[in-house]
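The lines below spell out each chain.
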Amino acid sequence: MEPRRDLMKSSSDSLLLSLLEHQPMYGYRIVKELEERSQGYFKFKEGTLYPALHRLEKSGLITGRWQALPNRRQRRYYYITSKGLAKLATEKSQWQDFLEAVRLILEPRPASP
Amino acid sequence: MTPELVQYLENIKYRSRLGPPDETGVMSEIEAHIEDEVQELRASGLTEDEAMQVCLGQMGGAGLIARRIYEAYSQGSWTQVLLASMPHLLFGLLFVLNWWHYAGWLTLVLLLTLATTVYGWWHGKPAWVFSWLGYVLLPIIILGLLLLYLPNVWSLLTLLIYLPTAMWWLLRLIVQTTKKDWLFSSLMLLPLPIIIGWFLAISPAGKFNETSFQRLNSFAPWIGLSFIALALTIAVFIRLRQRSLRIGLLAASGLLTLTLVVYYTAGRLDTLTFLGLVLVMWGVLLVPPLLERYVRDNGRKFALRQSAPSHKYNLYWEDNIEGAGQRKR
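Protein chains in written order, with the numbering used here: chain A, 1 to 113; chain B, 1 to 329.
By construction, these hints were calculated from the structure, which means they are not laboratory data. In this text, all values refer to a predicted model and were calculated from it rather than measured experimentally. Treat the hints with care, since some could be wrong.
Below are the DMTMM-like pairs computed for lysine to aspartate or glutamate, each with C-alpha atoms no more than 25 Å apart in a straight line [said to hold, decoys possible]:
1. K45(A) to D36(B)
2. K43(A) to E4(B)
3. K45(A) to E71(B)
4. K125(B) to E57(A)
5. K45(A) to E10(B)
6. K83(A) to E71(B)
7. K32(A) to E31(B)
8. K45(A) to E4(B)
9. K9(A) to D97(A)
10. K43(A) to E31(B)
11. K9(A) to E71(B)
12. K43(A) to E40(B)
13. K32(A) to E48(B)
14. K43(A) to D49(B)
15. K58(A) to E71(B)
16. K83(A) to D22(B)
17. K58(A) to E91(A)
18. K58(A) to E23(B)
19. K83(A) to D97(A)
20. K43(A) to E91(A)
21. K43(A) to E35(B)
22. K45(A) to E48(B)
23. K32(A) to E21(A)
24. K32(A) to E50(B)
25. K45(A) to E40(B)
26. K43(A) to E50(B)
Beta-carbon label-pair distances, calculated as ranges [claimed, not checked]:
27. P126(B) to A68(A): 28 to 38 Å
28. S44(B) to S11(A): 21 to 31 Å
29. W95(A) to E35(B): 27 to 37 Å
30. T90(A) to G299(B): 43 to 53 Å
Example chain A residues on the side facing chain B (calculated, C-beta under 7 Å, incomplete) [what the hints assert, rightly or not]:
31. P24
32. Y28
33. K45
34. E46
35. T48
36. Y50
37. P51
38. H54
39. R55
40. A68
In this text, a Cβ means the ideal position worked out from N, Cα and C, and glycines have one as well.
Put together the whole structure using the sequences plus the hints.
Okay, here's the thing in structure tokens:
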């Protein structure tokens with residue numbers, strides 16, 4: 001099933017920050033990682049990733065650095081900042097509360113006798 | 001690099017309207033992404049053409065990417081808001097506080113305008129410089145008006161030299177600004193119809209006399225308010241991310257301010273003059289995009305012909321870029 005656009009839009013920052021939480025990544029790797037980890041659920045127009053990354057960078061949540069590869073090519077790796085980590089922690093907690101609340105509604109526990 | 005990819009990247013570059021350092025960074029990243037993707041697709045057994053087709057499909061339309069890039073970069077900081085609305089505020093205060101009587105204040109504001117414009121122009125032409133640039137045109141208009149006071153033959157002779165020179169300089173300035181982004185040309189010219197409106201209300205014959213100064217005195221608070229309204233417009237403009245909203249804001253604000261000018265001049269501007277001013281306002285908003293298209297098309301045509309003079313490339317150009325060839329090869 002395709003993810004709803006509004007859901008995708010509201011969660012894209014958290015998803016990107018989450019991916020960068022444990023290791024820096026470059027754009028192409030982020031797209032593949034997102035697709036793999038979500039088992040193909042999150043699949044979007046790949047070119048729109050860069051404006052999203054640059055928006056996060058301008059907000060100070062991530063920072064990008066060019067790194068040269070042995071084959072003379074260059075890649076821009078993105079690192080999460082401490083501000084980004086703090087934001088991610090808040091968002092994770094908000095998402096968990098939200099998901100728990102939705103689960104309680106969608107899957108009500110049978111009333112105890 | 002295939003011609004299809006060249007055109008795709010060129011479209012993103014053209015529509016995202018970034019300054020040189022940001023543009024290089026963003027385009028290099030997108031290019032590197034496409035290279036990685038094509039390499040992986042080719043490894044899975046696709047031909048180069050097939051891989052490129054699939055890759056560009058997965059990347060998304062150039063227009064969509066460019067729009068998102070524009071939105072990521074367009075919003076100015078609060079410092080930029082202050083700097084961009086400052087010239088309108090200064091000119092507004094000159095009239096609201098009746099400082100326009102004093103040559104000292106006038107000279108100071110004009111010198112500050114000139115110095116700030118020159119500084120901004122030589123330091124990367126940031127968005128805020130274009131609202132200052134509009135006011136640099138004022139001394140040119142004032143000088144043109146002063147020439148009318150020369151004896152008849154001299155007035156005609158100097159105007160014959162002055163007018164083409166001033167027009168050439170103005171056009172050059174507009175072309176340079178439009179090369180960056182046509183919206184900045186509109187931003188720069190926005191006060192023009194409002195200044196013309198006030199000028200016609202104060203001195204319809206084009207010459208200043210005692211009555212004109214009396215009228216200027218009585219209209220001064222409203223003149224000031226119209227400039228302050230422009231300052232507010234520019235502040236919102238700098239903070240907005242979406243291009244369509246920015247265009248809408250300039251159009252709505254220009255029209256509203258002109259209506260206020262007509263209202264406050266209490267019948268001194270008739271319907272025909274108002275319509276003429278509205279036409280000038282639409283010119284301010286419609287001519288720059290047309291000029292930009294002309295300048296960019298010519299620039300791209302020249303650059304592509306210089307970089308790829310091969311027969312194959314020229315046919316590609318004719319078919320896909322000039323749009324003249326709807327023909328299929």
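Structure-based check of all given hints:
In summary, the hint linking K45(A) to D36(B) is supported, as the alpha carbons are separated by about 16 Å, within the 25 Å threshold. With a C-alpha separation of about 24 Å, the suggested pair K43(A) and E4(B) falls inside the 25 Å cut-off, and the hint holds. Using a Cα cut-off of 25 Å, the hinted pair K45(A) and E71(B) holds, with the two alpha carbons roughly 17 Å apart. The straight-line distance between the Cα atoms of K125(B) and E57(A) is roughly 23 Å, inside the 25 Å bound, and the hint therefore holds.
As the CA atoms of K45(A) and E10(B) are separated by approximately 18 Å, the hinted pair is consistent with the 25 Å bound. This hinted pair checks out: K83(A) and E71(B) have alpha carbons roughly 22 Å apart, not beyond 25 Å. Our distance criterion of 25 Å between C-alpha atoms is met by K32(A) and E31(B), whose separation comes to about 17 Å. Between the alpha carbons of K45(A) and E4(B) the distance comes to roughly 18 Å, so the proposed pair stays at or under 25 Å and holds.
Distance restraint check for K9(A) and D97(A): the Cα-Cα separation of roughly 19 Å lies within the 25 Å cut-off, and the hinted pair is therefore satisfied. A C-alpha spacing of about 20 Å is found between K43(A) and E31(B), which places the hinted pair at or below 25 Å, so the restraint holds. With a CA separation close to 15 Å, the supplied pair K9(A) and E71(B) stays within the 25 Å bound. Distance hint between K43(A) and E40(B) is fulfilled; the C-alpha atoms sit about 17 Å from each other, no more than 25 Å.
At most 25 Å may separate the alpha-carbon atoms for a hinted pair to count; K32(A) and E48(B) meet this at roughly 21 Å. For a cut-off of 25 Å, the pair hint linking K43(A) to D49(B) stands: about 23 Å separates their Cα positions. A hinted pair counts as satisfied when its Cα atoms are at most 25 Å apart, and K58(A) with E71(B) qualifies at roughly 12 Å. Restraint check: the Cα-Cα separation between K83(A) and D22(B) comes to about 23 Å, which is no more than 25 Å; the hinted pair holds.
Pair hint K58(A) plus E91(A) holds up; C-alpha atoms about 19 Å apart against a cutoff of 25 Å. For the suggested pair K58(A) and E23(B), the alpha carbons sit about 15 Å apart, so the restraint of at most 25 Å is met. Distance hint between K83(A) and D97(A) is fulfilled; the C-alpha atoms sit about 22 Å from each other, no more than 25 Å. Straight-line distance between C-alpha atoms of K43(A) and E91(A) comes to about 22 Å, which keeps the hinted pair within the 25 Å bound.
Our distance criterion of 25 Å between C-alpha atoms is met by K43(A) and E35(B), whose separation comes to about 19 Å. At roughly 21 Å between alpha-carbon atoms, K45(A) and E48(B) fall within 25 Å of each other, so this suggested pair holds. Between K32(A) and E21(A), the direct Cα distance comes to roughly 16 Å. Compliance with the 25 Å bound is thereby established for this hinted pair. With a CA separation close to 20 Å, the supplied pair K32(A) and E50(B) stays within the 25 Å bound.
A distance of roughly 17 Å separates the Cα atoms of K45(A) and E40(B); the hinted pair therefore holds under the 25 Å criterion. Annotation: proposed proximity of K43(A) to E50(B) holds, straight-line Cα distance about 20 Å (limit 25 Å). For P126(B) and A68(A), the Cβ-Cβ distance of about 31 Å falls inside the hinted range of 28 to 38 Å, so the restraint holds. The hint said 21 to 31 Å for the Cβ distance between S44(B) and S11(A), and at roughly 30 Å that hint holds.
A hinted range of 27 to 37 Å for the beta carbons of W95(A) and E35(B) is consistent with their spacing of about 35 Å. Between T90(A) and G299(B), the C-beta spacing of about 47 Å keeps the proposed range 43 to 53 Å intact. Look at P24(A): its Cβ only gets to about 14 Å from chain B, farther than 7 Å, so that hint breaks. The restraint placing Y28(A) at the interface with chain B holds, with a minimum CB-CB distance near 4 Å, inside the 7 Å limit.
Restraint check, K45(A) versus chain B: the minimum CB separation of about 3 Å is within 7 Å; hint holds. The beta carbon of E46(A) comes within 5 Å of a beta carbon in chain B, closer than 7 Å, and the hint placing it at the interface holds. A cut of 7 Å between beta carbons decides the hint on T48(A): the least distance to chain B is about 5 Å, and the hint holds. Nearest Cβ of chain B to the Cβ of Y50(A): about 6 Å, under the 7 Å cut. The hint holds.
Taking 7 Å as the C-beta contact cut-off toward chain B, the hint placing P51(A) at the interface holds, the least distance being around 4 Å. The interface hint given for H54(A) holds, since its Cβ lies 5 Å from the closest Cβ of chain B, which is under the 7 Å cut-off. Checking R55(A) against chain B by beta carbon gives a least distance of about 4 Å; that is within 7 Å, so the hint holds. Below 7 Å, beta-carbon pairs count as interface contacts, and A68(A) has none with chain B, the closest being about 12 Å; its hint is therefore violated.
In this structure, the earlier hints numbered 31 and 40 are contradicted, and the remaining ones agree with it.
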